[in-house]
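Undergrad: Below are the chains, spelled out letter by letter.
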Amino acid sequence: MRAVVTVIGKDNVGILHKVSGICAGLGANVIEVTQSVLQDMFAMIMLVDITGMSEDFAVLVDRMNALGTELGLSIHTMHEDIFNSMHNV
Amino acid sequence: MLNVYNILETIRMIQDECLDIRTTTMGISLLDCIDTDIDRACEKVYEKIVTRAERLVPVGQQIEKEYGIPIINKRISVTPIAMLAAACPGKSPVKFAKALQRAADTCGVNFIGGYSALVHKGFSAGDEALIRSIPEALDVTENICSSVNIGSTKSGINMDAVKLMGEIVRATAERTADRDCIGAAKLVVFCNAVEDNPFMAGAFHGVGEPDCEIHVGVSGPGVVRSALQKYPDASINELADIIKKTAFKITRMGQLVGARASDLLGVPFGIVDLSLAPTPAVGDSVAHILEEMGLEMCGTHGTTACLAMLNDAVKKGGVMASSTVGGLSGAFIPVSEDAGMIDAAAAGVLSIEKLEAMTAVCSVGLDMIVVPGDITPETISAIIADEAAIGMVNTKTTAVRLIPAVGKKEGDTLEFGGLLGSGPVMSVRNESPAKFINRGGRIPAPMHSLKN
Numbered sequence: 001m002r003a004v005v006t007v008i009g010k011d012n013v014g015i016l017h018k019v020s021g022i023c024a025g026l027g028a029n030v031i032e033v034t035q036s037v038l039q040d041m042f043a044m045i046m047l048v049d050i051t052g053m054s055e056d057f058a059v060l061v062d063r064m065n066a067l068g069t070e071l072g073l074s075i076h077t078m079h080e081d082i083f084n085s086m087h088n089v
Numbered sequence: 001m002l003n004v005y006n007i008l009e010t011i012r013m014i015q016d017e018c019l020d021i022r023t024t025t026m027g028i029s030l031l032d033c034i035d036t037d038i039d040r041a042c043e044k045v046y047e048k049i050v051t052r053a054e055r056l057v058p059v060g061q062q063i064e065k066e067y068g069i070p071i072i073n074k075r076i077s078v079t080p081i082a083m084l085a086a087a088c089p090g091k092s093p094v095k096f097a098k099a100l101q102r103a104a105d106t107c108g109v110n111f112i113g114g115y116s117a118l119v120h121k122g123f124s125a126g127d128e129a130l131i132r133s134i135p136e137a138l139d140v141t142e143n144i145c146s147s148v149n150i151g152s153t154k155s156g157i158n159m160d161a162v163k164l165m166g167e168i169v170r171a172t173a174e175r176t177a178d179r180d181c182i183g184a185a186k187l188v189v190f191c192n193a194v195e196d197n198p199f200m201a202g203a204f205h206g207v208g209e210p211d212c213e214i215h216v217g218v219s220g221p222g223v224v225r226s227a228l229q230k231y232p233d234a235s236i237n238e239l240a241d242i243i244k245k246t247a248f249k250i251t252r253m254g255q256l257v258g259a260r261a262s263d264l265l266g267v268p269f270g271i272v273d274l275s276l277a278p279t280p281a282v283g284d285s286v287a288h289i290l291e292e293m294g295l296e297m298c299g300t301h302g303t304t305a306c307l308a309m310l311n312d313a314v315k316k317g318g319v320m321a322s323s324t325v326g327g328l329s330g331a332f333i334p335v336s337e338d339a340g341m342i343d344a345a346a347a348g349v350l351s352i353e354k355l356e357a358m359t360a361v362c363s364v365g366l367d368m369i370v371v372p373g374d375i376t377p378e379t380i381s382a383i384i385a386d387e388a389a390i391g392m393v394n395t396k397t398t399a400v401r402l403i404p405a406v407g408k409k410e411g412d413t414l415e416f417g418g419l420l421g422s423g424p425v426m427s428v429r430n431e432s433p434a435k436f437i438n439r440g441g442r443i444p445a446p447m448h449s450l451k452n
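Residue numbers (our numbering), protein chains in the order written: chain S, 1 to 89; chain L, 1 to 452.
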């Protein structure tokens with residue numbers, strides 16, 4: 001089982017560190033990261049494996065939401081199934 | 001295979017274009033709660049609902065978190081209460097409404113639908129008593145919805161029921177006049193009612209359905225409009241293709257959520273209702289889709305054609321996305337719940353007559369229309385009869401949800417708040433149809449050959 005974390009907002013020091021730190025703390029393994037900074041806008045999409053998580057997936061969602069609020073970023077954490085079912089026949 | 005474009009498209013649909021799951025509705029059969037002692041029956045009803053739907057709201061919240069998709073409403077539909085009331089002659093069915101309200105409060109759902117009677121061919125025991133109790137039931141409860149089926153393609157239209165419903169709609173509005181006549185907004189009169197509809201106010205759990213199941217109603221007018229906006233010069237068949245693709249994506253999401261809810265709740269998955277259900281929020285309007293297609297304002301000439309194309313394309317795209325499409329599936333046109341419709345009605349461009357024509361080609365019917373406070377019960381009945389005739393002849397579901405604005409006239413507005421929105425009072429004809437309505441009897445079922 002995998003989840004997609006997207007982060008969009010004003011660039012700042014340590015965004016990737018903080019997001020991946022939450023994943024590591026909960027045992028979610030980061031598989032793939034694509035990231036770009038255009039002018040001062042930061043955009044990142046991260047694919048994480050949630051199979052071996054120590055807590056419920058909901059805990060990861062809550063922590064990411066809290067981080068988003070704290071840093072003023074838009075962070076979405078969603079199960080990959082929603083993308084697979086919407087975009088594949 | 002995941003790709004960045006698809007991920008961002010999904011997030012944009014949810015965040016900017018009001019994509020959501022409009023409702024997860026649990027259908028619960030109450031046939032095993034029938035009892036000749038009404039108090040015992042009410043207790044059984046309460047117990048069965050709170051047991052079955054105990055986890056409906058928390059499971060909905062869990063799915064919202066998992067997929068990052070808002071589920072706006074968690075609701076319940078039940079067996080038409082007239083069938084339970086039939087076993088308790090002489091007792092007021094309002095007791096059942098109160099039991100349902102208690103169950104709604106316990107489960108935390110925002111509506112329970114099924115304070116209903118099916119009288120398309122005639123009244124059986126319990127039906128008339130239930131219908132006559134609707135004004136009181138909708139007055140003393142907050143989250144209970146009522147519907148009455150007065151006609152069908154196979155049986156014709158029960159004109160005695162049509163006459164009665166004109167009086168009931170008016171009485172329901174009068175009893176709740178101090179609350180912007182909200183009672184009438186929770187009452188729908190159907191022709192060809194469906195048994196697995198997850199949308200309120202017309203949801204009930206048909207007798208042909210399993211003991212308990214979970215339905216999903218999707219939405220997404222904002223997503224369709226944004227998709228069309230990107231192709232200002234496309235031909236109509238290209239637009240139809242874009243709508244189909246968008247409807248596919250929306251419905252897939254409904255299918256995913258329904259399957260997951262069914263899994264977590266341990267009840268069978270019923271249907272996905274692939275409707276475009278508007279809300280009064282900015283960017284969530286069906287009227288604005290029609291305007292995007294090239295109409296200056298919804299309600300002008302060409303509206304019926306645009307709506308026919310939209311409704312058909314939504315179904316074609318949605319059917320491909322789910323193996324269990326059902327309910328009312330199509331585009332909804334509730335006036336007070338759609339920012340574009342409200343504007344068009346207030347501007348006088350959208351009239352009841354035009355809405356009636358539109359209902360011949362789209363989902364449901366004359367929905368959430370505010371009419372002048374001095375409207376007579378006979379005129380309400382005649383509007384119901386007209387709409388039922390469209391449904392009966394065209395073998396489709398039609399419905400009437402009129403709100404007589406007691407004490408108000410054309411130009412005034414009723415404010416319901418929330419998803420029900422606000423509606424300008426629309427004009428109706430003043431010439432009396434009373435003689436026709438008072439004749440009673442039944443309009444015979446139409447023939448289905450020699451189609452012209």
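Careful, some of the hints might be misleading.
These stretches of chain L come out as covered by chain S in the derived footprint (C-beta under 8 Å, 3 or more residues) [said to hold, decoys possible]:
1. 4-16
2. 59-70
Capping the alpha-carbon separation at 27 Å, the derived lysine-lysine pairs in DSSO-like fashion look like this [stated by the list, open to error]:
3. L:K409 with L:K451
4. L:K65 with S:K10
5. L:K244 with L:K435
6. L:K98 with L:K230
7. L:K245 with L:K121
8. L:K65 with S:K18
Since the hints were derived computationally from the structure, they do not count as laboratory data. Each residue gets a CB set at the ideal place from its N, CA and C atoms; glycine is no exception.
Undergrad: Check each numbered hint against the structure and report the violated ones by number, ascending.
TA: Violated hints (numbers, rising): 3, 5, 6 and 7; every other hint is consistent with the structure.
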